[in-house]
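Guided by the hints, dock chain B onto chain A, whose structure is given.
Order-wise, the sequence lines are chains A and B. So for the first sequence, the working numbering puts the first residue at 1; every next one is plus one. So for the second sequence, the working numbering puts the first residue at 1; every next one is plus one.
It should be emphasised that the hints constitute simulated quantities derived from the structure, not laboratory data. Quick caveat, the model's predicted, so the values are computed rather than measured. None of the hints are false.
Label-pair restraints from in silico Cβ distances:
| no. | chain 1 | residue 1 | chain 2 | residue 2 | range |
| --- | --- | --- | --- | --- | --- |
| 1 | A | GLN105 | B | PHE64 | 16 to 24 Å |
| 2 | A | LYS13 | B | GLN69 | 39 to 47 Å |
| 3 | B | ASP81 | A | ASP26 | 31 to 39 Å |
| 4 | B | ASN67 | A | ARG14 | 44 to 52 Å |
| 5 | A | THR83 | B | PHE64 | 37 to 45 Å |
| 6 | A | TYR50 | B | ILE46 | 20 to 28 Å |
| 7 | A | ASP28 | B | THR99 | 19 to 27 Å |
| 8 | B | THR18 | A | GLU22 | 36 to 44 Å |
Positions of the beta carbon are idealized from the N, C-alpha and C atoms, including for glycine.
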Amino acid sequence: DVKVTQSSRYLVKRTGEKVFLECVQDMDHENMFWYRQDPGLGLRLIYFSYDVKMKEKGDIPEGYSVSREKKERFSLILESASTNQTSMYLCATDRNMNTEAFFGQGTRLTVV
Amino acid sequence: AQTVTQSQPEMSVQEAETVTLSCTYDTSENNYYLFWYKQPPSRQMILVIRQEAYKQQNATENRFSVNFQKAAKSFSLKISDSQLGDTAMYFCAFMQDNTDKLIFGTGTRLQVFP
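Extracted from the complex, chain B is given alone in its bound form:
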């Protein structure tokens, strides 16, 4: 069975600095998808970034980028130029190819300080 591990329950960063959230996963599959979702306080969960395992290139969305290491089964999220609005719970998630089941990690609570 696939598992997703987020080893940092809480992190903090100063505004304008860079922070990296870690995520590792375990699977025997070759084709799959990885996601980072953001859940702001009292607001809906939204997708931050998505990576297809068969793509070598790391996904990037504005200030958000990933470091995808397939052999190491690692999928970290880097937030550059952190903003107060980045304060949220961040979940890493795995989805096997041709399925709809998301498997989530336990989350990392990120606090951005002024």
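Isolated chain A (complex conformation):
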């Protein structure tokens, strides 16, 4: 079974802090994704990566950056957290195009 692990289940950070959300997958998948989930808006893609050191902007990249130094790890970075970034963040991975995505358990981030 694919395992996608997000480093924290819950986080509380202060406005202006730099925040790192970590995601690790154990199935050697090429593709990794970061989404945010908000009530009434569904999931929206922030960034994705097809390979190490490679990144592509999703639909809502503003205020975020990512890092993929190793194949199994994909980090989402909030350079200066703001209250409108309070949300549930989901990491996902898949092996190839058009295949099933596997999700982490989510990180609920609150920015105060």
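Coordinates of chain B only, in the frame set by chain A:
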């Protein structure tokens, strides 16, 4: 741009009954994939069912089946013999062929009552 619409924010069903969740989408593409994902309370999102647009036959996975109407751009999920464990948020999602970008609907919260 592709969009996915789930018009039922919440639904409820009694155990052992059948429920249908609706989903419509908009695209000008001919080849694409459609998915239903389930997110149980405080648990990971998992795939329920997947449909390839070029296949006429509706996908089925045990108690879960879809009604795929390509011309109407409709992709509803039918859950038969509902169980308490089916209580979850259900997301419909679209993926264009030869891409990895999932476009999600806003979700339908399903509550199964005993």
